[in-house]
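A.B. asks: So you can see what is in the structure, the chains are spelled out below.
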Amino acid sequence: MTGRVDGPDKVTGRARYAYEHPVDGAAYVWAVPSVIAKGLIRSIDASAALALPGVLAVITPDNAPRLPGTGDPELALFQSRAVAYRGQFVAAVVADTLETAREAAGQVRIEYQQAAHDVTLTQSHPGLYKPDYVNPRYETDTAVGDFDSAFAVAPVRVDATYRTPAEHNNPMEPHASIAAWQGDTLTLYDATQGPSRAAGQIAAVFGLDPSAVRVIAEHVGGGFGAKGMPRANVVLAAMAARVIGRPVKCAVTRPQMFAVTGHRAPSIQRVRLGVDPDGRLVALCHDVFDQTSTLKEFTEQSAVATRHMYAAPHRRTTHRVVRLDVPTPSWMRAPGECPGMFALESAMDELASACGIDPVDLRILNEPAVHPETGQPFSSRNLVSCLREGAARFGWAGRDPAPGVRRHGPGSRWLTGTGVAASTYPARAMASQARVSASHFGRYQVSIAAVDIGTGARTALLAVAAEALGVPETAIDLRIGDSALPPAMIAGGSMGTASWSWAVVKACRSLREQVRARDGAVPPGGLTAQAAIAADIDALPDHARYSFGAQFAEVRVDADTGEVRVPRLLGVFAAGRIVSPDQARSQFIGGMIMGLSMALHEESAMDPEFGDYPNHDLAGYHIAAHADVQDIEAVWIDEDEPELGPIGAKGIGEVGIVGTAAAIANAVYHATGSRVRDLPIRLDKLLS
Amino acid sequence: MKPFGYVVAPDPAAAVAIVTMRPGAAFLGGGTNLVDLMKLGVVAPDVLVDVTGLLPDRVERQPGGGLRIGAGVRNSDLAADPQVRAEFPVLAQAVLAGASGQLRNMATVGGNLLQRTRCLYFQDVTKPCNKRTPGSGCPARAGDHRNLAVLGGSLHCVATHPSDMAVALAALDAVVHVEGAAGPRVIPLSGLYRLPGDEPDRETTLERGDLITAVEVPARPYARNSAYRKVRDRASYAFGVASVAAALDVAGGVVQDVRLALGAVAPVPWRARVAEQVLAGRPATAEWFGRAADAELAAAAPLRDNAFKVTLARNIVVRMLCVLAGVPAGDTA
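Respectively, the protein sequence lines represent chains A and B. Residues 1 to 688 (our numbering) make up the first sequence, in order. Residues 1 to 333 (our numbering) make up the second sequence, in order.
In isolation and in its complexed conformation, chain B is listed as follows (with noise of 0.2 Å):
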């Protein structure tokens, strides 16, 4: 086997620097993902610099309402806390909503974001990727993608992301809190994430080095009022199909405001901003519902067998934002 250095580094900057200055450096969170990376041979870093001691690994409430999550806090936590299940629903859900109870006590919430696709031909070293080896091909367009992207793909890649839990935190408008070469700065969630275009080996804007340490949530009048549904091809312990991470506020039957993500459709979480613009200060009824969900998936470009990916989103969007509003959603189908 390849050797490779395992190093538990004193403090988050210590740790920065090595991964900074070792091109064959990773960070280790939970290991969940990673290290079934490295027994595939799909990555071979050199040396593992362990974060998980490093790392807040406590929900703290901030001032005003909102959270503020230690990457290192582990999935399971998170789902358990108690302020994240009353006031921020969507979360507590969509982590529970992955992977397995097993899983989710390893998995750590820097590492769920930073999860890699699990397109098939990404974990087959013997085939062709663009993802893994820029420049080799994208077999999945003609072959395997009835589970990859409808939306955001490119001719180069259609992968999508696994993560449920961040599809909740990019409708929550999250923001992520990095360390540096250069220092701590924070990044929007949705400026974490890259779309393939010619370049699906780039999937995060995160630089060598950079170093997730928190995320923070910001209190919403909607956040109590929100939702996640993944629906997947068995009833646990499998990557979603398509998901949906929804929050409304409804007064007077009027959409206040609405925050919405798909999930397992995009190679990122994908934050539905023009299905919110269609919804804003419209009737909350199954009608608007659909007609924002059409909207949001004009730009959708399925593949020979994906489209009904479309046709799901649209249905699980409305349903779920009808629960949310309170008023009959008749059959989507």
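Here chain A stands alone, though its shape is the one from the complex (with noise of 0.2 Å):
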């Protein structure tokens, strides 16, 4: 086991996040809610919360400061008088103390003009379109043959149509920003997954250029894909030290976070698919319903894994998506591989009942040999390899494929069964620059603006830096988590330590080449170079790269109850080189405990007539407790990616909750003969 550099510092209180960073003469900024999902607002009366001693100002539609870029609509904090969704931020107060805010926050009267809002997904809502592009530049909609005469002539057929609910990312650390200006520039403390990021489009919502933001992250209590760009308490943070002429301090309450910084929105999906009589896929079919709010399109691209997974000669994908009153959806660890395999890798547990084929190997047999839409090669692509693994290792053989039958023992309450899916997420880098020096006395320091957001990162490139060149971990200074630093791409995409990773090495040769070049001699002035990987990108050749997994899953159900427990996770990757194999495990293992929870427990549910989460708090929003996961194992097998960058890494942080949630629910299925559809997996779900 290797330590985490940060670690003691972590246990030790002494690593700073954001809210935590001194800052002399810091105010205090709490945001005023919206109350209603629609309308506008007719007035605002601050007189009672300016009357509080200690408040300094409040912040409403009448006078906030205009900005000129409004780019995301999120963040064009009090710009209008529109009330897009319930929880949205219509005004703040800025006082001396945070219980001064508070407090003058809820004095704050607002009259507001409500409208009807829409606020309840269907599949048949006359609001769906298709919108030009799915999360982040995905096609719509792709076909390949003829789904429709191939689909209805197959011999066997599943035809089911799956539910996710609304999903909250819940990182531990909320929100949080502390605000600074010196003139025209503008420092931000803040909790946040990219930097780099955060510093370009803040610059642009308040029309500075971007070398005038410098945003620090030193260290990031998770974001889980809801830190991967500003949220409303960055502008709100920025905005309200602008008008005190002060430093603010701004942190997001829990409650807050099931409005204004993202979630993962509710999916309905068709899953078709028809085999030939040997249990090849002739027709697949992937349409997927999907929502965001009438602020912001963010169509969550559920369908996208279904194009590579698997051969079939005659396929088709779609998505379609509404606008409704509801808080903006956002990235949520695998937007869109996580919930689309739900229902792909169910209907496959679904087809192999049907066909009568074990579903490991219904899997192996449709396992296509290119791309099956683009006819791509694969750079390196290794489900086959897992699936085999992972069947060894957890006694898949031998599986009797009855559901329903199976007691834990004699006269025991609990049914037993396992499941089985498949994982896939995409392996990229995005450009990424990285400066290393190397001084006289043997000391080299390294520095990206890449961030820590508790994935051990950090210990990840130390790692990588140190075998770049050659030299002890304890020679190297490490500087990541701020914009002043070399761009770098955000921790987010599972794309942070191949990008980074791939521009500290191309840095370190560089520099290995400049101190061979004077035969090992560092001149007394020291030596630099810079690195970037935005070319090498732009030239990988046009293959398909992904990485990919398979995970089997024990259930027991209490057969009097419904109440689910899982006995039993392995999870087998595929994912390219394994850089730092500690950090790793954790962050396969923390992804399938995250799919796990999905499975099981997590689930924001709309209230329909006011049109917001109300079980917005951990107590109301179930996430995994330890009692939830119990033997939990993830491997992974070695695989040579040679293309992606110099080390090869794949990218491991969302694969690992891909497919868990259809593992758990075909575990279920085994165990009662009962097919749950829409998470979570809740024991009325299985009490008839």
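Hints listed in this document are in silico derivations from the structure and should not be mistaken for laboratory results. Quick caveat, the model's predicted, so the values are computed rather than measured. Even for Gly, the Cβ is constructed at its ideal location relative to N, Cα and C. Among these hints, one or two may not hold up.
Said to hold, decoys possible - Pairwise CB distance ranges, derived in the manner of DEER restraints: (1) A:Val-370 with B:Leu-40: 54 to 64 Å; (2) A:Ser-47 with B:Val-125: 38 to 48 Å; (3) A:Gly-409 with B:Asp-305: 32 to 42 Å; (4) B:Arg-61 with A:Thr-97: 45 to 55 Å.
Take each chain as given, in its own frame, and dock them per the hints.
C.D. replies: Here it is as structure tokens:
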């Protein structure tokens, strides 16, 4: 076990998170959320709030500074009197203390002109439309061959509709920012997954040169996508600081996070599979129905994984989205792949039952030689190896497929079952730069605007740099978490380590060249090398690059109560080179636990009357507790990824959550004979 | 913020006097629920009277084998008490089924009995709630009520009582010692709670200033053969979806005595007296246990999304009584 380099700082409390940075003379801002889901602000009476001692300003659409850059409507704070969803920030109070700001926020009187809201997604909603693309820039629909004709005559067919609920990222550290202006330059301490991106976006909002904004994110307490882009809190802190001429601290509360910091939209997904008599897919179709807000289009790319998972000559994928009066959905760990693979991998299990083929064998049987839609070769693809390795480790062979017939022991109330599902996630890298310098005294400094959101990025990058420089880790000072450093990709899309390590290794190699050219001598002034990888990424061959995995679950279901337990969960992954094994294991297992949580617990239930997610805290929004996670294991197979940079790391932040929910749902079917197609699998769905 | 005072009264009588006289005063026990409600703005006392140091904090054996549990006893200590574990297992199990280790270390017995519902509407001051703001309405009946009451609710309120401990105490015929403005008195636990009717804001029969000082549990032959089973939406650290406290005395295959209470299905810890009456003197079999459960649950009035609780409660009752009777359960579902 290699320790995390920042472990001692974290366990002793020395590690500083955004809100904790001491800033002289800081004031506090507290947001006022809308209590209607749709309508207009008719009037705002701030007099009672302003009368409270210590209140410095009440910012409303009537007096807020005009923001020149409103490309992201979620960041166009107080620029309009329209209300797009319940919980949207419509005003804010700045005060000397947090307590005063909060109290005063409760005394801002707002009159609304309320309009009827529409917050319910249905498959037949008249407002459904075909977006120009789905997140981030995937094609909305694809088709190969003639699905309808092929499906109509397929001898064995599955046609099933699956539903996933809205889910909230809920990182442990809520979104928080401190803003301090010096003239027209802005310093932000921010809980962000991407200092470079945040600096650029906030500069755009305030009409500043990107160099005028510096974002510092020394330690970040999780993000899962929610901190991948700046949210309202960053603009609020910066705006309030500008209004009062003092630094301002802003922290989002847990309930507010259920409105303004993004979430995974609910989905309705119809999957149709048709096979020939020997189990080969001839027709495959995945239709997704999704929702977004009226403020901003975000369409979760739930059918995208279906495009490359299995061979089938006739195939189609579609996405439709409807704008509702709901909070704006956004990125949550494996957007698209995660909900989409619940549907596809559940359907594959239904198909295995329907045609009497073992579900592992069925997947192997339909393994494509090339990308089934584009014909691109795969840079590396080891799904079959993962399935075989997992089946061997799990003891899958000889599994009786009959559902609902096994007990944990004679007379036991526990029904038992096992299930399998595949995992996948795109393997990509994005433009990043790194700078490495060597001193005359044998020390090295590695600088990149990467950020460690709790994944162990510091530890991994230090290992990568030490190997590339051929020096011990103790000789290196690693600087990350600051947009003043060479710009880098966000910690997101499973691209952090892949992108950053590519740039770091390239810079390190360049530095070694320089040192070699001087016969190993570093001059008194030191040497510096800087590298960028954008051109290398553009030069990548036109291949399909994905990580894969296979997840196996054993469940017990209480026959009296429908309670589900997961005594065993195994994930086998093929994700290129694993840079830092201990951190990687944590990432895989963390993903699988979040997948277990998705399978059994997580649901933000929309309240149709009020148009909000009323279970907006961690008592109401259940995530898996320790007792829900029993024997959990993640392993990986050695995979050579020849294309994705000098390291060949495919990224591991997301593949672990993909497929877990289906493996568990499939095991629940095997245990009980009940097929639950709408998550989460709560006990009421298993009680007849 | 709204300032509030904090006082430590010298003795229970003084604490009672302060809270009786000051309408804005509230007793502070472990604070595990009250402080949350203050943060949410659901309650806003102007003075907190800390009673944790005033109340008895011991579990004492009574002549005859009963227990007298001080209202200041921390939940963790109650659950760990050797006599409670051996002679009243239902009580130890119920306490351990609630909250988390950290919360049980803070929470007191008196506070546990008086904790408030976790109904989402009660906790959200931006929405109506008849319990919080009488007459404002109850959005739960049409809204989020999957985990609300199927027994004892009214048009005005379908909140559930959140305590596990109180369910075990209801089954065990506990009585509550109360210090009030007019001196001490004793009320049966079943008489402590009120059904919501058209006054859901009045949850108990306590008067302003009344302070619970102790809970007494009588010795009974069935208490040793007792158990608590809580079903919730995850394996730990969640409020119940349905729970059952059961104690059973069987001789010669016949029910001599039975005590049964249901949790998380009603606005109060629900003593299942109808089921108890059905079972008295009847064969201790899964069939009779099922009949008893059905008789109790005949009064259930579930809403759109919580009818499953009726099935769930029935299944737990049958399974638990079978286990306590040592008879096969078969499949209840």
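A.B. asks: Output the indices of the hints that this structure fails to meet, ascending.
C.D. replies: Violated: hint 2 alone.
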